[in-house]
Amino acid sequence: MAPNARAQANHDRLFSGHVSTLAVTDPELIETFDNFAFDEVLAHSNLDARTRLMVQLASMIACQALREYRVMLGAALAVGVTPIEIKEIVYQAVPYVGMAKVFEFVHATNEVLAERGVAVPLPGQSTTSPETRAEKGLAVQKQIVGGDGVEKLYATAPADELHIQRFLSANCFGDNYTRSGVDIPTRELLTLSMLVSLGGCDPQVRSHVAANLNVGNDRARLIDVLTQLLPFIGYPRTLNGLRAIDEVARPTSAERQS
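Mapping of the sequence shown onto the working numbering: position 34 corresponds to residue 19, and the numbering continues sequentially without gaps.
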């Protein structure tokens, strides 16, 4: 038993010379999975390989799939995702997944980069200072979420929760979205991938579907991202993500009929 020729070729492009131990111990599983993930699913994608691997890495952090992350990190480097981009994926995960869950992925990333001769720390990507992070964060938050929406969040927050809104502006957006290394549309794809993969974040998924639309990622691109996550996160979370897309970015008549 072995994956079909297309699946094998696509797999080899990502994992040159790698022999899966599961192909030996669980050949039926690997045949089915590889035919699905590396042939059937890829046939429904217009994402470039770099973007595909970036959103999958973000998803694996949210899923706490450390061993799979290490394997896919090698594939990401093989298709041209840069060490800086990889570090930005990990850093982007901190405000959404939490440092407690990201900690091991920071170390794993450093270990994989060291194995490939990449010295850390990498060049810094911060564009703010302690004095400017709140102002610049609020500006980029309004760009992504929408000015009226952000003003409403501040206006409706109870007084004893207002500090959380300030944290969102200064920390989530000011410390992270203002960084260079990865552009804002890609960051929003990463965020959506993490939220869908976490599960239990339906309101935030809907909000970030809208945010993705605001920064230029259309319905087709968002569905493409979820399609590429499906083999790794399963159907329930994928279907929940698709429901959010359908609620926020309703299909046109042409899309319903195609």
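A few of these clues could be false.
Said to hold, decoys possible - Calculated cross-link-like contacts (lysine-lysine; reagent style DSBU-like; alpha-carbon spacing at most 30 Å):
(1) Lys86 <-> Lys127
(2) Lys121 <-> Lys137
(3) Lys127 <-> Lys137
(4) Lys86 <-> Lys121
No lab work stands behind these hints: they were computed from the structure. A quick note: this is a predicted structure, and the numbers were derived from the prediction, not measured.
### Query
Lys121 and Lys137: Cα distance at most 30 Å?
Holds, at roughly 18 Å.
### Query
Would the pair Lys127 and Lys137 pass a check requiring their Cα atoms to be no farther apart than 30 Å?
Since the Cα atoms of Lys127 and Lys137 sit roughly 11 Å apart, the hinted pair holds (cutoff 30 Å).
### Message
Holds or violated: Lys86 and Lys127, Cα atoms, limit 30 Å.
### Response
holds (28 Å)
### Query
Within 30 Å, alpha carbon to alpha carbon, are Lys86 and Lys121?
Holds, at roughly 27 Å.
Taken one by one, the earlier hints all hold for this structure without exception.
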